[in-house]
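Enquirer: The lines below spell out each chain.
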Amino acid sequence: MTLLLDLILGLAVVGVAVWTLAVRENFPAVIGFVAYGLLLALVWVRLGAVDVALTEAALGAGATGVILLFAVVRLRGGRAEIDAATPGPRQRLAAGILCGVVGLALAVAVLSLPDPAPSQAAAVARHLPELGVANPITGVLMAYRGLDTLLEAVVLVFAVLAIWSMAPDRRWGAVPGPVFPVQSNGPLSLLARLLPPIGIVVGIYIAWVGADAPGGKFQGGTILAAMGILAWVAGLWRLPPVASRGLRWAVVAGPLAFIGVGLLGFVFADGFLSYPPAIAKPLILLIEAAMTLSVAAALVLMVAGPPEGRRA
Amino acid sequence: MEATPGGFLLVLILVAPVTGLLIGFAQGGRAAERIALWAAPLGVTMAMVLLAGVLHAQAPIVAFVGGWAPPLGLALRADGLAAAMLMTTAVIIAAITLFARADYTTLPGAPEARAPLAFWCFLLALWAALNAAFLGGDLFNLFVALEMLTFGALALACLDGRATQFKAELRYLLFALIGSVFYLLGTALLYGAYGTLDILLLSRTARSDAPTIVAASLMTVGLLGKMALFPLHLWLPAAHAGAPPAASALLSGLVVKASYVLLLRLWFWVMPAALLLAVAPILALLGAAAILFGSLVALRQARLKLLVAYSTVAQIGYLFLMFPLVAGSAAEVAERAWTGGALQAISHAFAKAAMFLAAGVIARGMGHDRIAGLHGAARVAPLSVLAFGLAGLSLMGIPPSGGFTAKWLLLQSALYAGQWWWALVIVAGGLLTGGYVFRVLSAAMRAPSPDFMPAAPVDARQERVALGLAIISVVLGLLPLAAFGLVLIGR
Amino acid sequence: MSTLLTLFSGIAIAAGVVFFLAGTVALLRFPDPLSRLHALTKADSLGLGLIVLGLLPWAGGWFAALKLILVWLLVLLAGATATQLIAERLRGEDPPP
Amino acid sequence: MIYGLVASALVALGLYGLVTQPALLRKVLAFNLLGGGVFLLFGVVAARGGDPVPQALVITGIVVAFAATALALVLVLRLFQITGAATIAEDETRR
Chain A
1 MTLLLDLILG LAVVGVAVWT LAVRENFPAV IGFVAYGLLL ALVWVRLGAV DVALTEAALG
61 AGATGVILLF AVVRLRGGRA EIDAATPGPR QRLAAGILCG VVGLALAVAV LSLPDPAPSQ
121 AAAVARHLPE LGVANPITGV LMAYRGLDTL LEAVVLVFAV LAIWSMAPDR RWGAVPGPVF
181 PVQSNGPLSL LARLLPPIGI VVGIYIAWVG ADAPGGKFQG GTILAAMGIL AWVAGLWRLP
241 PVASRGLRWA VVAGPLAFIG VGLLGFVFAD GFLSYPPAIA KPLILLIEAA MTLSVAAALV
301 LMVAGPPEGR RA
Chain B
313 MEATPGGFLL VLILVAPVTG LLIGFAQGGR AAERIALWAA PLGVTMAMVL LAGVLHAQAP
373 IVAFVGGWAP PLGLALRADG LAAAMLMTTA VIIAAITLFA RADYTTLPGA PEARAPLAFW
433 CFLLALWAAL NAAFLGGDLF NLFVALEMLT FGALALACLD GRATQFKAEL RYLLFALIGS
493 VFYLLGTALL YGAYGTLDIL LLSRTARSDA PTIVAASLMT VGLLGKMALF PLHLWLPAAH
553 AGAPPAASAL LSGLVVKASY VLLLRLWFWV MPAALLLAVA PILALLGAAA ILFGSLVALR
613 QARLKLLVAY STVAQIGYLF LMFPLVAGSA AEVAERAWTG GALQAISHAF AKAAMFLAAG
673 VIARGMGHDR IAGLHGAARV APLSVLAFGL AGLSLMGIPP SGGFTAKWLL LQSALYAGQW
733 WWALVIVAGG LLTGGYVFRV LSAAMRAPSP DFMPAAPVDA RQERVALGLA IISVVLGLLP
793 LAAFGLVLIG R
Chain C
804 MSTLLTLFSG IAIAAGVVFF LAGTVALLRF PDPLSRLHAL TKADSLGLGL IVLGLLPWAG
864 GWFAALKLIL VWLLVLLAGA TATQLIAERL RGEDPPP
Chain D
901 MIYGLVASAL VALGLYGLVT QPALLRKVLA FNLLGGGVFL LFGVVAARGG DPVPQALVIT
961 GIVVAFAATA LALVLVLRLF QITGAATIAE DETRR
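Chains as they are written, first to last, in the numbering used here: chain A, 1 to 312; chain B, 313 to 803; chain C, 804 to 900; chain D, 901 to 995.
Because the hints were derived from the structure by calculation, they are not lab data.
Here the structure is a predicted model, which means the values were calculated and not measured.
A hint or two may mislead.
[Said to hold, decoys possible] Interface residues of chain A toward chain D, partial, derived using beta-carbon atoms under 7 Å: (1) Leu59; (2) Thr86; (3) Gln120.
[As the list claims (entries may be wrong)] Straight-line alpha carbon distances no greater than 25 Å define the calculated SDA-like cross-link-like pairs of lysine to any residue that follow: (4) C:Lys845 to C:Thr806; (5) C:Lys845 to A:Asn185; (6) C:Lys870 to A:Asn185.
Cβ atoms here follow ideal geometry from the backbone N, Cα and C, with glycine treated the same way.
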C-alpha cells in the first residue's frame, strides 16, 4: 500500500518535471514548477523529514515560484531569438545521452550504497540534552554544524547586496523593486489586511517551535517574508529605500548575533560557537530570533530585486 | 587528529572579514572602505602569525568549531598548503585594497554610491570565502564556501554594469551552478557511503566502490568547470577580461585557486590511491592541452585583457601536471612535484594579479586595450609596463622568478619520474608564453606617433602596487628551496 | 464509540475525496475559465472542509484540532481571494457579452 | 528505494533542461528542478540511516539555491532590460 503510494508520488514528481521542461510557454512552466515543489514537499514528508518538507514548500516552491513569476511577467518576447538559439536534434541527442549517463551512474551509485547505512543519528541524539533542544535538525544546524549555518546566513547578505549592486547607478539609494499602486479595496487588499496578523503569528510560532519540533528560522522567516510581500504587492506597505540603515541592520542582525554569541564562546565555553550547557537553549533561541528577522528581511529584498524607484 | 592550540586563530581569520563585511554593509560605503583599509594589515598580520605557527609546530593547526569533533562537528585545518594560500590571499587582497582606493573611494560627506559599497563589501566577502575554502575540513562546509566565492566573484565582475559583462557573467554563473550541483551530488553519495564528510576521516576509510567512483567523477568535473580547465574554459576569458581591473586580479589570481586546493584535497586526501593513479594522467593531459591551447589563443588575441585572461587558461594547466608526478612516485620526486604545483599556484596568483592590474592601468592611460595600438604605453605607464614584463617572466618560467622555480621543480620531477613528455609541454608552454608577453612588450616599447596623447593620467600609486605584486612573484624564486618545505607540512 | 468515530471519519474523508475528484474533473472538462473556477473552488473548499472534519477526532488535543481548522480557514481565504482576482482579470480582458 | 531512482531521474532531466533550453529563464527553472533532485538524493541518504544530518544539509542547500536563483534572475532581467536579449547565445556584435 505504502509502496504503491510512493510509486505514484514518484511518478507524479517525474511527470510534472517532464511537463515543466517540455511546455512551450513560460507561465505554465512556472506553475508546473510550483506543483513540482509541493509534490517534492510531500515526498519529504514520506521520507520522514518534516523540517525539509516545510523548507521545500516555503522556499523551494513558494518563494522561488514567486520570483520566477515576477521574472516571467517582466520578460516578454524574445521568441525568435530563443528559437534561433534552440539546439538542433543532434546536439539535443548528445546532451540527452550525456545526461542519461549521469542519471544512470547516480542510480547505480545509490543502489550500491552500503547496508547498513552509516548514520550519525545516535551521536546527534546523545548530545542534544547538552543543548536543551529536542529537534535534532536544530541541534545540527545551530550547534554541530553551526558554521555551515552561519556561512549560509552570510550568503543571504551576499545575495541581497549582489542583487542591489546590479542596479543602474542613478537608482542607487532608491526603494527596491517596483512600487505597486495602493489597492484601497478589492480582494487583494482585503487579503493583505486580513492575512498578515495571522501570518505573522504563524511565522513566529514556526520559528519558535523549531527548537523542539519541526520548524525554525528559515521556515518561519519565509512565512514572515510572504506576509511582507503580500502587503507590498497590495500597495499597503512601502519598502524602505536601500539606503536605509534600519533595513540594512535588519538584514545583518542574524549573522551578527550568531557571530557575537559565537565569540562569547571563547570566554564562557570551549571556543567559537560553543554554548555553555546551562544557557545553551536561550542562546540558541536568541540567535534564531535574530536570524528569523534577517531571513525575512533578506527574502523580501531578494524578491523585490534591485532598486528601481526614484531616490527616496 | 585532535584539535591543537592556536585554533582560535583559524576562527578569527575566518570571522574577522565576515564581521567587517556585515558592519560595512550596514553602515554604508564609507564605513566599508575604512573597514577594508584596516582589515588589510590586520589580515596580513593574522596570516603571518598563522604561518609562523604552522612552521613552528611543523604540523597542521586544527580547530573543531564549537568543540564538536568530526564526524559530528566541523573541523578547520591549516596545513602548510592552507597557510601558504592564506598568506598569498592576505597579501594580494591588501595590494588590491591599496590599488582600488583610487577608483572606489567615497569622499567625506558624499552620498553613498553603488560601486564603492559593493566593491569594498565584496572584497571582504571574497577574502572571507577564500579563507573558508582554504581552511575548511568538511566537504559540505567547503560547498558553502564555494558558493560564497561564486556570488562574490559574480558581483565584483558586474561592477561596471555593462550589458556584455552581464552576458559573460551569466555564462560564468551557469558553469558555476552546474559545477556546484555536481559537487553537491558527490557529497551526498560520499555521506551515504561513509556517514561523514570530514576530509581526514574520509581519507582513512575511502574505498574504490561504485558510489565513491561516481562521487569522485562528479565532484572532479564540477570543480574543473569552476576553475575553467580546458575544455571547460569557455566562460573564463570574457568573464575575467571584462571585469574591472581590481576584480579581474582577484578572480584570475585567487578565486580559481580555491577550487584547485579543494581538488587537491579531494584526490590526495579523500580518494584511495588506486583511483588517483588512474585519474592523474587524464587530469595532466587536460592540463597539457590547456597550456598549449590557452597559450596559442593568447598569442592571437587582439586585446590586452583577453590575452591576459587566456594566459590564465594556460597557466591553470600547469597546476594539473603535478598529479601524475606526485601520484605513485618515489617520496622525493613526489615532494618536488607537490612543491612545484603549490608554488605554481602561488606565483601565478601574484603574477596574474600584477598583470591584470598593470593591464588595467595601461588600458586606462591609453584609452583602449588593443595590443596593436599600444605604442607609447611604456611612456604613459612605465611602471605598469615593467610590472607586466616582470610578471611575464614568472609566467614564462625564466630564472630567477617564482614561476621558474615552480616549473623547474615540475620539470625535474617529470624527468625523474620518467614521464619526460610533461617536460616537453612545460618547455613549449614557456616558449609560447614568451611569445605573447613579448608581443605586448614590444608594442608598448615602440615610440608613439608624434601627435600621440594619453587618454587619461595614470595613478602612480596604482602603478606601484602592480609593480610590487610583480616583484613578489619574481622574488619568490630567490627564496631558498627549503622555505617551500612549508607546503609539505601535513601532506 | 471508537468504531462510530472511525465510521464518521471514513465517511467524511471519503466524501471530501469525492468533492476533490469532482473539482478536478471540472477543471479538466469545463469549457470556460469562469465555470472552471466556480466548480473548482466550491468543490475544493467543501472537500477540504470534510477531510478536516474527518481528521478532527484524531488530532490528539484541542491545539492540533485548532490548527487543522485554521488550515481550512486559511485555504478558504486564499482560495476566495485568488478566485476573485482571476475572475476580475478575466472580466477586464473579455469584452462584455 | 524508489526515491533514489526518482532523484537520479530528476537530476538527469534537470541537467538536460539546463543544457538544451536556450531561454535563460527556462535554464534557471531547470536548475531548480535539478536542485530538487540533488536534495532528494540527500533525503534518500538521510532516510536510509535515519540520520538528521543530511536533512540539515538540505535545508542549508535549499536556502543557498534560492539565493542563487534570485541572483541569476536579476542578472537575466537586467540583461533583458539593457539589451532585450533573452539568451546568452553568442552574437556577432561583440568585439
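Enquirer: Using the nearest Cβ pair, does Leu59 of chain A come within less than 7 Å of chain D?
Expert: Hint on Leu59 of chain A: holds, closest Cβ of chain D at ~5 Å, below 7 Å.
Enquirer: Hint check: Lys845 of chain C vs Asn185 of chain A, CA-CA at most 25 Å. Holds or violated?
Expert: holds (24 Å)
Enquirer: Compare the distance between the alpha carbons of Lys845 of chain C and Thr806 of chain C with 25 Å, and conclude whether the hinted pair is satisfied.
Expert: The given pair, whose Cα atoms are some 30 Å apart, is violated under the 25 Å limit.
Enquirer: For the restraint on Gln120 of chain A, tell me whether the closest CB of chain D is nearer than 7 Å.
Expert: Holds, about 5 Å.
Enquirer: Are the Cα atoms of Lys870 of chain C and Asn185 of chain A separated by 25 Å or less?
Expert: Distance ~29 Å between Lys870 of chain C and Asn185 of chain A Cα, so the pair is violated.
Enquirer: At a threshold of 7 Å, is the proposed contact between Thr86 of chain A and chain D supported by beta-carbon distances?
Expert: holds (5 Å)
In this structure, the earlier hints numbered 4 and 6 are contradicted, and the remaining ones agree with it.
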